[in-house]
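Novice: Input sequences plus hints: build the corresponding full structure.
Those protein sequences? They're chains A and B, same order as listed.
When the first sequence is numbered by this note's numbering, its final residue is 773 and no position is left out of the sequence of numbers.
When the second sequence is numbered by this note's numbering, its final residue is 541 and no position is left out of the sequence of numbers.
Honestly, the hints are just simulated from the structure, not real lab data.
Just so it is clear, the structure is predicted and the values come from calculations on it, not from any experiment.
Cβ atoms here follow ideal geometry from the backbone N, Cα and C, with glycine treated the same way.
Sample of chain A residues at the chain B side, in silico, Cβ under 8 angstroms:
no.	residue
1	536
2	544
3	553
Which chain B residues stay away from chain A? Per the calculated CB distances, all over 10 angstroms, these:
no.	residue
4	304
5	353
6	365
7	371
8	374
9	388
10	390
11	394
12	457
13	459
14	480
15	497
16	499
17	512
18	529
Chain A is faced by these chain B residues, among others (derived, beta-carbon under 10 angstroms):
no.	residue
19	429
20	432
21	434
22	436
23	439
24	444
25	452
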Amino acid sequence: MNAAPPLLSVRDLSIEFPRPEDGTTRAVEGVDIEVDAGEIVCLVGESGCGKSVTVRSLFGLLPPPGRMVGGRVIFDGTDLATLDPARLRALCGASVGYVFQDPMTHLNPLLTAGAQIAEAIAGRPRWGRDPEVARRVEVLLQELGIGDPARVAQSYPHQLSGGMRQRVMIAMAIARRPRLLILDEPTTALDVTIQAQIIDLIRTIQRQTGCGLIFVTHDFGLVAELADRVYVMYAGQMVEQGRVEKIFARPQHPYTQGLIDCIIPLGGERPLLTIGGEVPDLRHLPAGCRFHPRCPRASARCRTELPEIACGAEGVVRCWHAGHGGLSPAVDVVGPTLAQTGPSHGRAAGSVAVQIAAVQKSFPARGGAFGGRAMVHAVNDVSLDLAPGEIFALVGESGSGKSSLGRLVVGLEPTTSGQIAIAGEDPARRLRTPGARPLAQMVFQDPYSSLNPRKLIRHALAQPLINHRICRPAETEARSIHLLDLMGLTPGADFLDRYPHELSGGQRQRVVLARALAAEPLVLVADEPVSSLDMSTRAQILGLLQRLRRDMGLAILLITHDLAVVGKMADRIGVMYLGRLFEVGPARAVIARPTHPYTRMLVSAVPVPDPALARTRTRVVMGGEPPSPVHLPTGCHLHPRCGNATAICAQVVPDWREVGPGHHVACHHHA
Amino acid sequence: MSAKSWLRLSSSHAAAIGLTIVLLVVIGGGVGPWLTGSPSAMDGRAFCPPGPGCLLGSDDLGRDMLARVANGARVSLLVGVAAAAVSAILGVVVGALAGFAGGRVDEFFMRVAEAFQIVPQFFLAILVVALFGPSLTKIVLVIAILSWPSTARIIRAEFLKLRDQDFVAAARLAGASRGALIFGEILPNALPPVIVNASLQIASAILTEANLSFLGLGDPDQVSWGQLLFGAQPFLNQAWWMAVFPGVAILLATLGFNLLGDGLNDILDPRQRGRSD
Chain A
103 MNAAPPLLSV
113 RDLSIEFPRP
123 EDGTTRAVEG
133 VDIEVDAGEI
143 VCLVGESGCG
153 KSVTVRSLFG
163 LLPPPGRMVG
173 GRVIFDGTDL
183 ATLDPARLRA
193 LCGASVGYVF
203 QDPMTHLNPL
213 LTAGAQIAEA
223 IAGRPRWGRD
233 PEVARRVEVL
243 LQELGIGDPA
253 RVAQSYPHQL
263 SGGMRQRVMI
273 AMAIARRPRL
283 LILDEPTTAL
293 DVTIQAQIID
303 LIRTIQRQTG
313 CGLIFVTHDF
323 GLVAELADRV
333 YVMYAGQMVE
343 QGRVEKIFAR
353 PQHPYTQGLI
363 DCIIPLGGER
373 PLLTIGGEVP
383 DLRHLPAGCR
393 FHPRCPRASA
403 RCRTELPEIA
413 CGAEGVVRCW
423 HAGHGGLSPA
433 VDVVGPTLAQ
443 TGPSHGRAAG
453 SVAVQIAAVQ
463 KSFPARGGAF
473 GGRAMVHAVN
483 DVSLDLAPGE
493 IFALVGESGS
503 GKSSLGRLVV
513 GLEPTTSGQI
523 AIAGEDPARR
533 LRTPGARPLA
543 QMVFQDPYSS
553 LNPRKLIRHA
563 LAQPLINHRI
573 CRPAETEARS
583 IHLLDLMGLT
593 PGADFLDRYP
603 HELSGGQRQR
613 VVLARALAAE
623 PLVLVADEPV
633 SSLDMSTRAQ
643 ILGLLQRLRR
653 DMGLAILLIT
663 HDLAVVGKMA
673 DRIGVMYLGR
683 LFEVGPARAV
693 IARPTHPYTR
703 MLVSAVPVPD
713 PALARTRTRV
723 VMGGEPPSPV
733 HLPTGCHLHP
743 RCGNATAICA
753 QVVPDWREVG
763 PGHHVACHHH
773 A
Chain B
265 MSAKSWLRLS
275 SSHAAAIGLT
285 IVLLVVIGGG
295 VGPWLTGSPS
305 AMDGRAFCPP
315 GPGCLLGSDD
325 LGRDMLARVA
335 NGARVSLLVG
345 VAAAAVSAIL
355 GVVVGALAGF
365 AGGRVDEFFM
375 RVAEAFQIVP
385 QFFLAILVVA
395 LFGPSLTKIV
405 LVIAILSWPS
415 TARIIRAEFL
425 KLRDQDFVAA
435 ARLAGASRGA
445 LIFGEILPNA
455 LPPVIVNASL
465 QIASAILTEA
475 NLSFLGLGDP
485 DQVSWGQLLF
495 GAQPFLNQAW
505 WMAVFPGVAI
515 LLATLGFNLL
525 GDGLNDILDP
535 RQRGRSD
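Specialist: Spelled out as structure tokens, the structure:
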């Protein structure tokens with residue numbers, strides 16, 4: 103490539119985790135990475151492929167008991183193995199910046215953001231002593247597009263939003279103008295809109311400072327937005343490497359091709375795809391090529407011989423059957439999607455599954471000043487109807503009140519005012535009535551916390567069956583097995599006597615779905631059902647939801663911030679902001695022709711899986727973040743952030759207007 | 265506890281030592297008196313120093329100290345376990361109700377718990393025993409009533425943390441009654457710190473009983489370690505063994521239960537557990 107030596111060169115890196123119980127696992131094996139100055143390198147793969155461990159090991163940040171057992175790391179011409187720990191630390195502090203996924207666990211909760219950035223600048227905590235450092239902290243925060251740097255600098259981490267905390271982490275990482283910046287899934291925990299802001303920020307920083315950059319992600323959509331060069335990892339090995347345009351246009355390895363196929367594009371007719379199976383457990387690696395159990399191109403040779411990573415005419419790839427246009431492991435698990443069934447499928451005219459009328463929900467703010475009676479206005483005057491067999495998607499940034507509305511619909515909370523009716527009954531009252539079967543069930547965001555860690559799967563399924571008298575006690579087991587089979591956990595009997603921690607995230611989410619369906623609900627509220635899952639498992643769960651709607655006529659309230667998912671799944675969309683609906687309409691119409699400024703911003707924040715397009719399009723940007731739902735803005739809630747806002751927006755709540763068939767918008771300024 | 269938990273228990277040094285000592289005390293208290301004969305049989309020479317024939321010596325009335333210490337283990341263990349059990353049950357019920365219900369119920373129970381915690385405990389124990397007369401049951405109840413607030417606070421904190429978890433909401437939607445939510449869903453997840461605490465409370469109950477008995481407020485019909493110390497007071501110059509052996513027994517037992525508690529704490533802490541076990 104370049105004539106100049108690369109900024110960072112990693113050769114044949116291997117990492118082991120010794121385990122006292124069952125021997126040593128090799129988490130990373132024979133990995134080569136090169137990063138040039140001024141280049142953005144993306145490291146991609148599903149979770150469990152060794153990406154994070156790889157970047158952490160480079161500058162000695164491996165979590166114990168992991169250890170580097172082979173390979174050389176040469177940074178800026180220096181072999182890091184020749185440095186003693188103190189010199190390594192000095193080099194790392196001066197020339198390398200790290201940003202991790204969860205900023206909350208990497209910020210000190212007892213120090214202000216400013217103090218921690220000052221520490222990064224000066225090498226020790228000195229906030230408030232040195233006005234020069236304090237000034238530099240504010241300048242740095244300003245560079246990162248933070249409107250009121252003084253306030254942020256004086257805030258403690260818990261007082262900041264997730265996006266702001268990540269900006270503080272980035273500020274700390276770039277404080278000493280590092281030559282190499284390493285970002286490990288920095289946007290995974292954030293909203294799509296905040297993710298878009300952070301991605302833009304990273305690009306700007308990189309352009310301004312000219313540093314080399316390693317970006318670790320499981321989201322191939324982000325790769326298209328950012329990368330110059332891409333490394334694809336699978337089960338601890340590098341499987342393909344190349345320029346981003348080439349990787350997207352002509353992927354050689356079947357895994358790369360599968361990952362690209364699994365990106366859920368916004369709109370379009372393509373069905374949801376998934377790669378079957380899971381990343382192998384590193385303790386029980388398959389013989390031969392590690393990808394062969396999931397690969398449609400696998401031959402006898404793949405099962406016995408591990409291919410070397412080789413530089414061919416078409417790029418650097420580790421596969422016996424490399425080549426563009428070969429079979430892709432991505433398969434359609436969903437069956438006919440909206441494209442085939444039509445968006446109005448299942449909507450019987452006139453019948454209503456859920457009726458939500460002028461609902462408000464507020465609750466006292468936690469903490470707050472002494473005796474203060476501040477109220478959080480989570481849901482404000484929301485009205486909508488769901489038909490049986492309809493998937494209605496609620497979208498919005500976090501804090502928009504969509505989860506609160508979901509909990510109201512299943513009856514976990516009573517409404518403050520207004521009515522919710524499922525088959526004519528208030529769900530909250532029904533849930534309080536002993537012996538009454540709730541008509542709405544819920545799938546929660548985090549499958550790790552929605553199953554009791556100390557109870558068997560058997561218990562989770564038997565509970566609704568017995569309590570709601572769905573079947574006779576003697577039939578409970580057969581019925582549970584049937585439900586698990588239906589959710590694709592086959593054979594179901596094998597799963598009954600396992601604990602939740604013995605299952606993968608996707609399997610747990612299937613158990614949660616099975617439990618929700620055991621009570622035979624009319625309505626299913628799915629609160630971010632896939633946002634904590636890997637890309638390839640997402641499509642499986644979403645496909646399952648679509649099948650349930652089709653086969654059982656279930657009305658589904660899908661709560662999500664991912665518009666690409668919505669476009670594939672939902673019949674209708676409601677866009678929510680600060681507890682109020684802004685735009686309601688048929689999913690395709692809203693995504694193709696977003697009318698409300700807020701919807702337009704959401705749509706343009708979705709990553710585009712095409713490197714050329716991703717860099718040339720112009721995003722609709724909306725500065726800032728949603729204000730606190732304790733102090734709602736007057737008039738239209740969006741006016742403080744909206745570029746189109748005029749005097750009337752600050753005073754009058756806009757009325758609903760119809761802009762297309764069934765497509766309504768609440769904005770003073772729609773075209 | 266599952267087989268794996270026992271395996272982990274034996275792999276932690278502190279816990280293994282604690283468990284060994286506790287088992288020794290239990291076996292000594294359980295089997296010892298059968299082997300050594302009655303603790304009140306006066307069939308030996310008085311003030312016989314430790315040696316062959318009477319291993320731990322004999323007391324002022326010629327009773328065998330080995331038999332008395334072994335019997336003391338039985339009484340002290342009984343007091344410790346019974347007091348810790350009563351206090352754990354009280355604490356769990358109060359803490360669970362306060363944590364689950366929240367609001368005024370929580371306020372009320374926590375103020376009551378504080379009322380018990382601000383009382384100088386040992387002084388109150390002395391007062392109760394002195395007023396109502398010493399008996400083992402009363403001593404157990406006094407110790408339990410004075411020590412439940414710590415368990416209640418632990419359980420309450422766990423409940424506050426757990427009651428908003430998704431799996432509790434899911435159980436509500438699955439038709440679980442309030443009792444099933446409290447005892448079936450939340451409590452099993454809240455118990456580990458209580459088990460640890462109970463182990464420490466056994467140790468402290470043994471000590472409290474010994475203290476009371478040493479002051480002459482123990483149950484005179486029972487030969488506990490504290491009673492032995494009380495009996496040894498006038499003869500400290502003549503017969504050191506009368507004080508030393510019961511003292512060592514108390515030291516060992518409390519040390520054992522404390523080590524066991526610390527070890528359990530390491531083992532039952534979910535953060536120390538891997539996902540795949």
